[in-house]
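Novice: Residue numbers (the working numbering), protein chains in the order written: chain A, 3 to 142; chain B, 3 to 142; chain C, 3 to 142; chain D, 3 to 142.
Derived by calculation from the structure, the hints in this document are not laboratory data.
Fair warning: there could be bad hints in the mix.
Note that the list lumps identical chains together, so a pair holds whenever it fits in one copy or between two copies.
As the list claims (entries may be wrong) - Simulated pairs of lysine-lysine, DSS-like, Cα-Cα distance not exceeding 27 Å:
#1 K53 to K85
#2 K72 to K85
#3 K72 to K53
This structure is a prediction, so every number in the text was calculated from the model and none was measured.
Each chain is listed here by its residues.
There are 4 protein chains.
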Amino acid sequence: MMTIVRLDLVDARVLIAGARAKAEEIGVPMCIAVTDESGHLIALERMDGSKVTGVALAMDKSFTAVGTRKGTHDLGEVSQPGKPAYGLSSALGGRMVVIGGGLPVLVEGEVVGGIGVSSGTPTQDREVAEAGIRALSDSA
Amino acid sequence: MMTIVRLDLVDARVLIAGARAKAEEIGVPMCIAVTDESGHLIALERMDGSKVTGVALAMDKSFTAVGTRKGTHDLGEVSQPGKPAYGLSSALGGRMVVIGGGLPVLVEGEVVGGIGVSSGTPTQDREVAEAGIRALSDSA
Amino acid sequence: MMTIVRLDLVDARVLIAGARAKAEEIGVPMCIAVTDESGHLIALERMDGSKVTGVALAMDKSFTAVGTRKGTHDLGEVSQPGKPAYGLSSALGGRMVVIGGGLPVLVEGEVVGGIGVSSGTPTQDREVAEAGIRALSDSA
Amino acid sequence: MMTIVRLDLVDARVLIAGARAKAEEIGVPMCIAVTDESGHLIALERMDGSKVTGVALAMDKSFTAVGTRKGTHDLGEVSQPGKPAYGLSSALGGRMVVIGGGLPVLVEGEVVGGIGVSSGTPTQDREVAEAGIRALSDSA
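Given only the sequences and the hints, what does the whole structure look like? Please build it.
Specialist: Printed below as a string of structure tokens:
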């Protein structure tokens, strides 16, 4: 048997609250998803005015970040044409997202879950996801 | 009628054991899948600490290698933008993987199955898959 | 944060070996899958001569048992026409299997993974899955 | 390694010709699919005037017959409410078809492929599939 540390619902709410505060600050309503370390959804909020396609993108960004243990913006770089992971974005039926806005949540070097944000530019999505993670760190 | 030669479960275990030994040697836990020549799974092991998204990627790499009779790293080259097989990676619902780590298993020039490895870099995945095939050759 | 106990690869091998021994004893080659508590595959073996459709059925039975925390034979009862869970078998794109042969693996009342078996009759599949769980208990 | 006997394209044409002759005799245009023993399509003919949904149904009937090694009409019986395989029809994303018209093709007790027929009543579909198998036996 092995022992896994995983985000609980309280953690997920902290992540979402931190992300939402940043989204409000920059004036971009966002879809914000938090998954566990296996990629299953724990909580999701679609802010009023955010994009309907952002719901699935936010879930898939978090799933991707958790699975690869990387920020999805990093995957964008290594999957460019000519790079070793070219083609990654269409793997797993297209669930692998290589656009910024997905981040793994780490505790002592282990992935305990992830956050995915979508509806703004990739840079905004990433900034909002980072704010979520900062909120969780600050609450610890 | 035609006659097909196919990996059996004993062969699959040899392939996986050889791949796993190399994964341990390089210190990268891997998901290792072996399929038959029709792309159906024979055996799979997800090493502790390997990536959850690696399970499907390993299966799909082996499926792709068997179907195309090529290493998946070779497909990466011919599917670059501007190349003849551009767009291959999203075919078959994204099951075609053009990232290194999938290899066909050949016996007297015929595909008898495949091995797919995922969780490391594409170069590591390929190295581990090759070690699996070497183990099978050595056992013959 | 919460802490989760999960089958590791060594446990999965014990489950599969126990199931395989029973399959050999009753003379029915089986597909045997072990998933973690989140439904992701840890290990799978398709015994020579078992059914090709058994691969996905074994995986989905384990997924279903883990998700519902019930043996899949129990789900068969509650999903009969007129019963409360009628229609369950087609949920999640058909991944919910309500035919015997899937069992959750419990440690101190918590689901740590599952085993799914397919290729025989539902009664045989269940018997083989139970033998896998017994092997794990005996090894503890 | 194991050795598998599989239908070739000449066999598939004989199966289809036999089925088509029966379909013409009873005046019901049919979709007729032949798969190998792994469930992959070898040949298909959609007779003029047959049903467009019959294409996929014929393929899935043959896939199901090959995977389960049973006629699909037999699966209809064992998957009725209250029977052990209840729920089978929605497994594998609905690819398991429990309506008559799919038959495995056997050579010396081994499945070498399958035939699936759709567009008539289940009884007609089965009758046409049987005519295909008879044609192959007669040609041997």
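Novice: Could you run down the list of hints and mark each one as holding or not?
Specialist: We went through each hint and held it up to the structure:
In this assembly of identical chains, the alpha carbons of K53 and K85 lie at most 27 Å apart only when taken from different copies (21 Å versus 31 Å within one copy). Proximity of K72 to K85 under the C-alpha cut-off of 27 Å is found in both arrangements, the shortest distances being 16 Å within a copy and 19 Å between copies. In this assembly of identical chains, the alpha carbons of K72 and K53 lie at most 27 Å apart whether taken from the same copy (24 Å) or from different copies (11 Å).
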